[in-house]
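There are 2 protein chains.
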Amino acid sequence: MALLFEKKEYLSRLERAKDRMEKAGLQALVVVDPANIYYLTGYDALSYYVVQAVIVALNEPEPIWVGRKMDINNAKFTAWLSPPNVLGWPEDMVQSRVKHPMTFIAEVIRQRGLGNKVIGLEMDADYFNPRSYEELKRNLPEARFEDARLLVSWLRAVKSPAELALMRKAGKIMEKVMQTAIDETEAGVRECDVAAAIMQAQIKGTKDYGGDYTSFPPLIMPGKKGSAPHLAWTDDRFEKETAISFELAACVKRYHSPMSRTVFLGKNPPQKMKETAEVTVAGLNAMLDFIRPGVSCEEVDQVWKRQVGGKVEKDSRTGYAMGIGYPPDWGEHTACFRAGDRTVLQPGMTYHVITGVWMDEGGFEVSEALEVTDKGCATFASFPRKLFTKG
Amino acid sequence: MALLFEKKEYLSRLERAKDRMEKAGLQALVVVDPANIYYLTGYDALSYYVVQAVIVALNEPEPIWVGRKMDINNAKFTAWLSPPNVLGWPEDMVQSRVKHPMTFIAEVIRQRGLGNKVIGLEMDADYFNPRSYEELKRNLPEARFEDARLLVSWLRAVKSPAELALMRKAGKIMEKVMQTAIDETEAGVRECDVAAAIMQAQIKGTKDYGGDYTSFPPLIMPGKKGSAPHLAWTDDRFEKETAISFELAACVKRYHSPMSRTVFLGKNPPQKMKETAEVTVAGLNAMLDFIRPGVSCEEVDQVWKRQVGGKVEKDSRTGYAMGIGYPPDWGEHTACFRAGDRTVLQPGMTYHVITGVWMDEGGFEVSEALEVTDKGCATFASFPRKLFTKG
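Same order as they appear, the protein sequences are chains F and S. Take this note's numbering: the last position of the first sequence gets the number 395, and nothing is skipped along the way. Take this note's numbering: the last position of the second sequence gets the number 395, and nothing is skipped along the way.
Here chain F stands alone, though its shape is the one from the complex (with noise of 0.2 Å):
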């Protein structure tokens, strides 16, 4: 199978996190972040629910990638390594009660003279867990192990020319998943019908290209549900003059264009509602006119509140940055639009710009997802902002 970037995308990743780790005093980094294994590997595939890590030394020329014995093959299909630093641990261990894979890991480090080195770890990385964390310290009692969090993470901050037209790409699937959700909703219908109808227009794609699963489940908020955000779709039937928020993405190679929009079930919706949706339309659209290189983020989102005026209520972050995502997540849990966050925007980083507000009777959201560009910014998709409505 052909590597998705080229071997020399995949080789300035690798030299700038060995600066990154250079300037940090490590001389190796355990990833176990699935979306960092795969921005510095290439290996992609559904095998993060054991324990994988990849490590990556100063004085070696490639990361070295240990999971499961059975995955080395899915190494072979994704990942731009040579054989020799591919490994897999023993069958017996997965899920064992004796045994642990952080064992074999821990060996590894040791085989390649890393055993007394000064070691960098993902302390709140998804899938490493604190048993993962006291067999490693135990299996390298010389080991020195420094907190390395969202090293990698932050090199995905600006994305390549390769990476953004994936997110295009995205973005296009992400317009034909919102019209399907728009267009599925009626007084009547099941949400778990509009929830299928979303999935298979994410997963089926375009003509010339499909979609990949999503890192997070679409979320539909409807009515007075829509004061619990993270909640599952059911088998409820929609109600006719409720809002239904949709909170959705496309997702092409683990590269995801999430979008946001609202619609209401009914030719007019109430005042309160038309007045949020305009006052909430008008902010993101000034975020947008607003960001540009050089701006930083809590700037951004300071043009937010500036705009709303108090008029809607919203204590949550404006954004954040965004990209490659795994189960549970597509942000980088790096840069927010909120307050204190000083970080500069630069041409080619990406972000989701959410501007959601939730009520007890509803919510109204809607979002984007952009590029940062050499001017101002692009969306990913185009796709009116409004409250739709329908009926």
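Just so you know, the hints here were simulated from the structure itself, not pulled from any lab data. There may be inaccurate statements among the hints.
You can't tell identical chains apart in this list, so a pair holds if it fits in one copy or across any two.
Derived lysine-lysine pairs resembling BS3-like cross-links, with alpha carbons at most 25 Å apart [to be verified]:
1) K394 with K276
2) K318 with K390
3) K211 with K315
4) K379 with K309
5) K315 with K228
6) K271 with K228
7) K80 with K244
8) K176 with K80
Just so you know, these numbers come straight off a predicted model, no measurement behind them.
Position chain S against the provided structure of chain F, taking the given hints into account.
Chain S only, in chain F's frame:
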């Protein structure tokens, strides 16, 4: 929203948890595994991408849910807990570089008088990372922490009649899902289009009830890629004269019923594939005939080994306990059908019996989800066990 199970069922689960805690010498338990949170409290939402926990204390009549403030409403809709036992950490702790939600959770533990007690932790739970662990330790210096991994997961092993009813519903959806997979798979069709149809069938469910998102996306293993068992689907088109294995599931209210089958795109599969299929199906059938209360997990695995008699090679386990699942897994990480596992089967236990053989030129896989009954076992779905052929 009505509770999914009767309150007395939740209370009985809590009692059993406290009983185990007492035997393990624990005064409190911090539950982070979303499946265990759901089992004890009913709380079900897509909020596990941020820090959340349920505190169970011997001297508290209810568990205490602590999560992101905006997710409190999810608890109101799904959990049986009274409002004083549903607490939210403030929004500025979300993926912050300086603040951490575990400081808030530690404070709740202290306020309930548990700050100097023996506290169990789910050391190998997903969504419990080393940073959360360190923050908890640092903020509760007088507590003594013990590894309580799988304490709640083991309680889930024997399902109640109400739980089994949900798994049977999932089994009914599963029949439709597998039929869809086989119907849609043709030479020249893109893998993603079959994945789209599968996911639509999973969620659309039946006329009477819909399906939920599965904790693992559909696994489609075509031809040579069958040797790499956890690759995601691509835009590749299926080819004539190849075998495609499907490892799928259906889910109702987080309760899963998985199933695997293999289809060959041609009238005459190679002799070796036919033989492999025959031996594997016979091995699976022998296990199903054998499974009954009183036998042990390793005895079930031995039946497989005896039946296939070295004719096919499989070094991975032949089954595992399953039920409630959140990404990335529907397995319970407890009992497995493999050498050394002496767990004794009881009525109401539920397993995924999976017999798959991955060869370099492609795989053959067949599996069933089942409940142990009073005298034997019953599969949740009814679907022919054979190598399907098309063409």
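Against the structure, the hints:
Taking identical chains as interchangeable, the C-alpha atoms of K394 and K276 lie at most 25 Å apart only when both belong to the same chain, with a minimum of 18 Å there against 58 Å between chains. In this assembly of identical chains, K318 and K390 lie within 25 Å of each other by CA distance solely inside one copy; the values are 18 Å within and 56 Å between copies. Neither within a single protomer nor between protomers do K211 and K315 lie at most 25 Å apart by alpha-carbon distance, with minima of 43 Å and 43 Å respectively. For a Cα distance limit of 25 Å, the shortest separation of K379 from K309 inside one copy, 23 Å, qualifies, whereas the shortest one across copies, 66 Å, does not.
In this homomeric assembly, K315 and K228 come within 25 Å of each other (Cα to Cα) only inside a single copy, at 21 Å, whereas the closest approach across copies is 59 Å. Taking the closest pair of Cα atoms, K271 and K228 come within 25 Å of each other only inside a single copy of the chain (19 Å); across copies the shortest separation is 54 Å, beyond that limit. Only between protomers do K80 and K244 lie at most 25 Å apart by alpha-carbon distance; the minimum there is 24 Å, versus 53 Å within a single protomer. For the homomeric pair K176 and K80, neither the shortest alpha-carbon distance inside one copy (30 Å) nor that between copies (37 Å) is at most 25 Å.
In this structure, the earlier hints numbered 3, 8 are contradicted, and the remaining ones agree with it.
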